[in-house]
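Novice: The listed protein sequences correspond, in order, to chains A and B.
Using my numbering, read the first sequence as starting at 40 and increasing by one per residue.
Using my numbering, read the second sequence as starting at 40 and increasing by one per residue.
None of these hints come from the bench; they were simulated from the model.
Honestly, I wouldn't trust all of these hints.
Identical copies look the same in the list; a pair holds intra-copy or inter-copy alike.
What the hints assert, rightly or not - SDA-like cross-link-like pairs, simulated, lysine to any residue; straight-line CA separation at most 25 Å:
hint : residue 1 : residue 2
1    : Lys-413   : Val-390
2    : Lys-413   : Glu-341
3    : Lys-218   : Pro-242
4    : Lys-413   : Arg-382
Residues per chain, in single letters:
2 protein chains.
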Amino acid sequence: MREVAVVGVGMVRFDQYPQRGITDLAVEAVLAALADAGLAWPDVQATWCGAAGQGMTAGTRVLAELGLTGAPITTVDNASASGSTAFREAYLSVACGLYDVALAVGVGKMTGGSGAAPPVDRREILQMQAMGFLPPAGVFAMRTRRRMHEYGATIIPYARVSVKNHRHGALNPFAQFQKEVTLEEVLQSRLVCDPLTVLHCCPISDGAAAAVVASLPRARRLGARPLVRVAASAFRSEVYSSDGQLGPAITELTARQAYEEAGAGPEDMHLVQVHDAFTVEEIDYYERLGFCPRGDGERLVEEGATTIGGRIPFNTDGGLLARGHPIGPTGLAQVWETVLQLRGQAGRRQVEGATAGLCQMIGAGGVCVIHILKR
Amino acid sequence: MREVAVVGVGMVRFDQYPQRGITDLAVEAVLAALADAGLAWPDVQATWCGAAGQGMTAGTRVLAELGLTGAPITTVDNASASGSTAFREAYLSVACGLYDVALAVGVGKMTGGSGAAPPVDRREILQMQAMGFLPPAGVFAMRTRRRMHEYGATIIPYARVSVKNHRHGALNPFAQFQKEVTLEEVLQSRLVCDPLTVLHCCPISDGAAAAVVASLPRARRLGARPLVRVAASAFRSEVYSSDGQLGPAITELTARQAYEEAGAGPEDMHLVQVHDAFTVEEIDYYERLGFCPRGDGERLVEEGATTIGGRIPFNTDGGLLARGHPIGPTGLAQVWETVLQLRGQAGRRQVEGATAGLCQMIGAGGVCVIHILKR
Numbered sequence: 040m041r042e043v044a045v046v047g048v049g050m051v052r053f054d055q056y057p058q059r060g061i062t063d064l065a066v067e068a069v070l071a072a073l074a075d076a077g078l079a080w081p082d083v084q085a086t087w088c089g090a091a092g093q094g095m096t097a098g099t100r101v102l103a104e105l106g107l108t109g110a111p112i113t114t115v116d117n118a119s120a121s122g123s124t125a126f127r128e129a130y131l132s133v134a135c136g137l138y139d140v141a142l143a144v145g146v147g148k149m150t151g152g153s154g155a156a157p158p159v160d161r162r163e164i165l166q167m168q169a170m171g172f173l174p175p176a177g178v179f180a181m182r183t184r185r186r187m188h189e190y191g192a193t194i195i196p197y198a199r200v201s202v203k204n205h206r207h208g209a210l211n212p213f214a215q216f217q218k219e220v221t222l223e224e225v226l227q228s229r230l231v232c233d234p235l236t237v238l239h240c241c242p243i244s245d246g247a248a249a250a251v252v253a254s255l256p257r258a259r260r261l262g263a264r265p266l267v268r269v270a271a272s273a274f275r276s277e278v279y280s281s282d283g284q285l286g287p288a289i290t291e292l293t294a295r296q297a298y299e300e301a302g303a304g305p306e307d308m309h310l311v312q313v314h315d316a317f318t319v320e321e322i323d324y325y326e327r328l329g330f331c332p333r334g335d336g337e338r339l340v341e342e343g344a345t346t347i348g349g350r351i352p353f354n355t356d357g358g359l360l361a362r363g364h365p366i367g368p369t370g371l372a373q374v375w376e377t378v379l380q381l382r383g384q385a386g387r388r389q390v391e392g393a394t395a396g397l398c399q400m401i402g403a404g405g406v407c408v409i410h411i412l413k414r
Numbered sequence: 040m041r042e043v044a045v046v047g048v049g050m051v052r053f054d055q056y057p058q059r060g061i062t063d064l065a066v067e068a069v070l071a072a073l074a075d076a077g078l079a080w081p082d083v084q085a086t087w088c089g090a091a092g093q094g095m096t097a098g099t100r101v102l103a104e105l106g107l108t109g110a111p112i113t114t115v116d117n118a119s120a121s122g123s124t125a126f127r128e129a130y131l132s133v134a135c136g137l138y139d140v141a142l143a144v145g146v147g148k149m150t151g152g153s154g155a156a157p158p159v160d161r162r163e164i165l166q167m168q169a170m171g172f173l174p175p176a177g178v179f180a181m182r183t184r185r186r187m188h189e190y191g192a193t194i195i196p197y198a199r200v201s202v203k204n205h206r207h208g209a210l211n212p213f214a215q216f217q218k219e220v221t222l223e224e225v226l227q228s229r230l231v232c233d234p235l236t237v238l239h240c241c242p243i244s245d246g247a248a249a250a251v252v253a254s255l256p257r258a259r260r261l262g263a264r265p266l267v268r269v270a271a272s273a274f275r276s277e278v279y280s281s282d283g284q285l286g287p288a289i290t291e292l293t294a295r296q297a298y299e300e301a302g303a304g305p306e307d308m309h310l311v312q313v314h315d316a317f318t319v320e321e322i323d324y325y326e327r328l329g330f331c332p333r334g335d336g337e338r339l340v341e342e343g344a345t346t347i348g349g350r351i352p353f354n355t356d357g358g359l360l361a362r363g364h365p366i367g368p369t370g371l372a373q374v375w376e377t378v379l380q381l382r383g384q385a386g387r388r389q390v391e392g393a394t395a396g397l398c399q400m401i402g403a404g405g406v407c408v409i410h411i412l413k414r
C-alpha cells in the first residue's frame, strides 16, 4: 500500500437550500476541492460519490454537469457514513496504485421534497414506533436516560455538548448554525423526546463536501503546503453494540483497527470529529475512542477538555449539531475540517500545533468508518 | 495486481415476487454463491452490494439478516450497472491484495411498491416527455427508427433478437420467461412505443444474484473445478455517444480498454452478455464490441451467428429480455451465466468448449462496465 495525501478539500456551507438541487451543491463542492488542490476536473481518474437515499446513480447524474470524461464514477450509499465510505474507496484506489488522483464527494438534500429517510435502521424504527417513540430521537432519548441511570448524570453534561459544539460552529463560516447558545437555551428549547430538547438534536440540512486524494509524488508536485496524509482507514459493518445501546461498541472495535493501522493511540490525536447527531453520542464516543474510561465521559465535557483550547477538542467545526448533517456529505465535512486544522488554516477555531486528527462516522444499519489524518 | 478467480455464483430466479422483500432475495442469492464456493458467510472479508434505488444503506440492511461480522459492506448504486460495479469493486479489492475473499451481491425489486425508477437519465426523461414519448421505451423506439433509416432495415431483425433471447431463456431455469416466442408473436404483441411492441422490451422483474471472488491460491485450496479468472475489468463514465444515440459509443471505448487489459480481442470470445433492455441495443453492441462492422448488426442476428450454436452466441441466458432485469442484480446474473458456461455447467444452453466470455452493462446517466472472464 502506497502513502496517500489529501491534496484538496471543498464544501458548500451546510444549510437549508430549498431552491438548490444536488447537482448544484455537488458541483460547487467539487470545484472548490479541485481549486484547493490546484487540479482540474479532467485530472480526476476516478470518483466515488456518497449519497444517501438521493435516487439512482446520483453521482453520475450530478457530475455529468462537469462533463463526463471517461473516468469511472461510483455512487455509494452507506447512510450517514456515505461520505466517509466514498473517501475510503478513493483513498484505497490510490493506496493500491490503481490511480494517482481520485475524488470523493458527498451530497445530500433533506429539504424540498427529495428528503432522505431518518438515519436509523428500519426495524429499529418499527420497534420504536411500536413503543410510541419518534425515531431517531426516540432511540437516543432512551440511550441518554440509560447513561443518566448508569452514571448518575443529570441532563446538564449532554446539554453542555450542545453548548460547546454551537460555540465551535460560531467560529466556522461553513456551519449551518453560527450562533452560540447558552445552557439555559438548550434546556428550555422545544422538547422533541424526553429528555431531549431540539438543541440536543442535529438539524435538517442540505449540502455537499469533497476531497481530492493523490499519491505522495503527485501531491508533492502540486505544491508546498503541509502535506496531510491518510494514516489509517478502518471500516466495520456490525451490530451496533453488545450492550443493547446504539453505536458505541462498533466504534470501539473500528477505532482499535484504526489506531493499530496508524501506529498511534488516542494520546497522539490533537482533534477528533464524531457523529454527534444527538448529544449523548459524543459523550459515548469519548469513551469508545479511548479518551477516558467508561463512565467518565460526562466529566470530560464538564471539565472543558473537549473544547477548542482543551486537552482534546471534539467536533471543532460544530459537529452534526451546529455544522449540520445532510447525511451523505457529513463524513467529508469532517475530512474538510481536519485537513484545514492540520494545515493551520482553521482561522479562529484553529487547534494550535495540531498534527493528527481522527474522523468517526456511523451509518444506519451497522456501519462505522474511522480515518486518521496526519500532517 | 494479483490474479482473481470467481469461486462461487448464485442467483434467485428473476421473476415478479410481490410477496418477497429485498432481504429475502439477497440472502438466498448470497447463500447459493457461498455454497457454490464451499465457503461460509464469516469467510467473506468484504462485500459490495449493487442496489439501484432500493433505499438507504440497502446492502447492510439486507445482509444484517446473516449477522454482521465486522466485514465492511458497501452499497453501490450505478443504476443498471450496479451489480457489475459491485463485482468490479470486489474484484479490485482482491486484485490489490486488500482481501483474499470478497463478495458482490446485487438485489432489485420493481414490484410491490418499492419499485425503482426507469433506467434512464432524468433530463432525458423530461426531454422525452416534452416530446410526448414514454421513457425509457421512447428513447429506444427512436434509436430503432434511426437504425432502420440508416441501414435500410425493417423491424424484423430487431424482432429476431427477441425470438433468439426468448429461445435462450427457455433453456435457463433461472430466467423469468422460459417460453419461446415466434416472430409473429413479437410483431403482434402489444404496442409500447412505435415501432416497439412489448416483446422488444425487458420486463418488470425482482431478483438477486451474487458472486464470490478470491485470490488464486485461496481459489485453488477451495477445490478442483475449472478455475474462472477475471481477465479484465473496465469501467467508464461518460456521455453515451457522440452520434446522438444512447449507449453505443461508451461501449466501444470501454470494450477497447477491456480487450487491451485481457490481451484479447472479440475473436477470442466464445459468448457475450449485453444490456438488451430493448432489442436494438443488442444489435448496436454486436458492432460496438467488435463482432461485425458498423451497419452489419442486423445481418448478424439474421444469419443466426449470435444464437447458441452460432459463431458468437449473445445473451445465452435469455438476456434482459427473457432472463429479466431487476436493475441492481442484472450484471451479476451475467457473471453467473458466464461462470456456469466456462465451467461447462450450463446444461441445455451450454456453449461447447467455451473458455472466454464478455459481460457488458450500461447504467443510466452514463456508465459502462465490461468484464472478461476466462477459464
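Novice: Each hint: holds or not?
Specialist: Evaluated hints:
1. Taking the shortest alpha-carbon separations for Lys-413 and Val-390, only the intra-copy value of 14 Å comes in at or below 25 Å, while the best inter-copy value is 55 Å.
2. Proximity of Lys-413 and Glu-341 under a CA criterion of 25 Å is satisfied in neither setting, with 28 Å inside one chain copy and 63 Å between copies.
3. Taking identical chains as interchangeable, the C-alpha atoms of Lys-218 and Pro-242 lie at most 25 Å apart only when both belong to the same chain, with a minimum of 14 Å there against 54 Å between chains.
4. Taking the shortest alpha-carbon separations for Lys-413 and Arg-382, only the intra-copy value of 10 Å comes in at or below 25 Å, while the best inter-copy value is 48 Å.
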